[in-house]
Amino acid sequence: GESVGLHLPTLSVQEGDNSIINCAYSNSASDYFIWYKQESGKGPQFIIDIRSNMDKRQGQRVTVLLNKTVKHLSLQIAATQPGDSAVYFCAENVQGAQKLVFGQGTRLTINP
Amino acid sequence: EPEVTQTPSHQVTQMGQEVILRCVPISNHLYFYWYRQILGQKVEFLVSFYNNEISEKSEIFDDQFSVERPDGSNFTLKIRSTKLEDSAMYFCASSEEVRSKQFFGPGTRLTVL
Chain B
1 GESVGLHLPT LSVQEGDNSI INCAYSNSAS DYFIWYKQES GKGPQFIIDI
51 RSNMDKRQGQ RVTVLLNKTV KHLSLQIAAT QPGDSAVYFC AENVQGAQKL
101 VFGQGTRLTI NP
Chain Y
1001 EPEVTQTPSH QVTQMGQEVI LRCVPISNHL YFYWYRQILG QKVEFLVSFY
1051 NNEISEKSEI FDDQFSVERP DGSNFTLKIR STKLEDSAMY FCASSEEVRS
1101 KQFFGPGTRL TVL
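Those sequence lines, one after another, are chains B and Y.
Residue numbering for the first sequence follows this note's numbering, beginning at 1 and increasing consecutively.
Residue numbering for the second sequence follows this note's numbering, beginning at 1001 and increasing consecutively.
In case anyone wonders, no lab produced these hints; they're calculated from the structure.
Every value quoted in this text rests on a predicted model; they were computed, and no experiment measured them.
Misleading hints may appear alongside valid ones.
Within a straight-line C-alpha distance of at most 35 Å, the following computed DSBU-like cross-link-like pairs (lysine-lysine) qualify [claimed, not checked]: (1) Y:K1101 x B:K42; (2) B:K42 x Y:K1057; (3) Y:K1078 x Y:K1042; (4) Y:K1042 x Y:K1057; (5) Y:K1083 x B:K56; (6) Y:K1057 x B:K56; (7) Y:K1057 x B:K71; (8) B:K68 x Y:K1078; (9) Y:K1057 x Y:K1083; (10) B:K71 x Y:K1042.
Could you put the whole structure together from the sequences, leaning on the hints where they help?
Written out as structure tokens, the structure is:
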């Protein structure tokens, strides 16, 4: 079973730099992916999504890359700001299911 | 911008008591979900709800849990007899379509003593 209290991977970047957060997903049947941002004490906030018929999608300051061959997802945040400090989760959705399966999260800290 | 809202923000209860957590999904959304997050752990799926019935549930969602849409706006999660291990943040989410972006509420922190 899972251990109590996950030790989140952490990433620290300087304000203004770009950051890349990675996620490995487990189910080859997953074909829809979402990145969420969670600030302390708040609910997950939608950032960007991508379906498996794409390998890249861009939003405002964010880009998601999907590599289905190695089951890898990444979130690139450009020109990071202090408000980007949060825990970032990838979530996968398996074809035929409605639930999202969340990854363990990465804590991003933006240093001034 | 429309948001999912949840009440209360924090609920403290005694073990064995019933609790009802309330959510107001985004008004034009048709699919509703409950997730929970035990402190320091991943967000876990509990149940999805569509057209007034459960469409999918996890193994966590046992007979102690139930969901209801009592009117056109509210969506509730009831835990009949709370256990210590039910202590967690409970998030409601909604989506416009199946397998589309799910928007989460701010959560209810449930503390079972």
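Here is what the structure says about each hint:
1. Between Y:K1101 and B:K42, the direct Cα distance comes to roughly 18 Å. Compliance with the 35 Å bound is thereby established for this hinted pair.
2. Under the criterion of a C-alpha separation no larger than 35 Å, the hint pairing B:K42 with Y:K1057 is consistent with the structure, at around 24 Å.
3. Distance check on the hinted pair: Y:K1078 and Y:K1042 sit about 22 Å apart at the alpha-carbon level, within 35 Å; holds.
4. The hinted pair formed by Y:K1042 and Y:K1057 meets the criterion: a straight-line CA distance of about 17 Å does not exceed 35 Å.
5. A threshold of 35 Å between alpha carbons decides the hint, and for Y:K1083 with B:K56 the separation of about 44 Å lies outside it, so the pair is violated.
6. Distance hint between Y:K1057 and B:K56 is fulfilled; the C-alpha atoms sit about 31 Å from each other, no more than 35 Å.
7. Of the supplied pair hints, the one linking Y:K1057 and B:K71 holds, its CA atoms being roughly 25 Å apart against a limit of 35 Å.
8. Between B:K68 and Y:K1078 the CA atoms are separated by roughly 39 Å; this puts the pair beyond 35 Å, and the hint is violated.
9. Under the criterion of a C-alpha separation no larger than 35 Å, the hint pairing Y:K1057 with Y:K1083 is consistent with the structure, at around 19 Å.
10. Restraint check: the Cα-Cα separation between B:K71 and Y:K1042 comes to about 19 Å, which is no more than 35 Å; the hinted pair holds.
Hint compliance for this structure: hints 5 and 8 are broken, all remaining hints hold.
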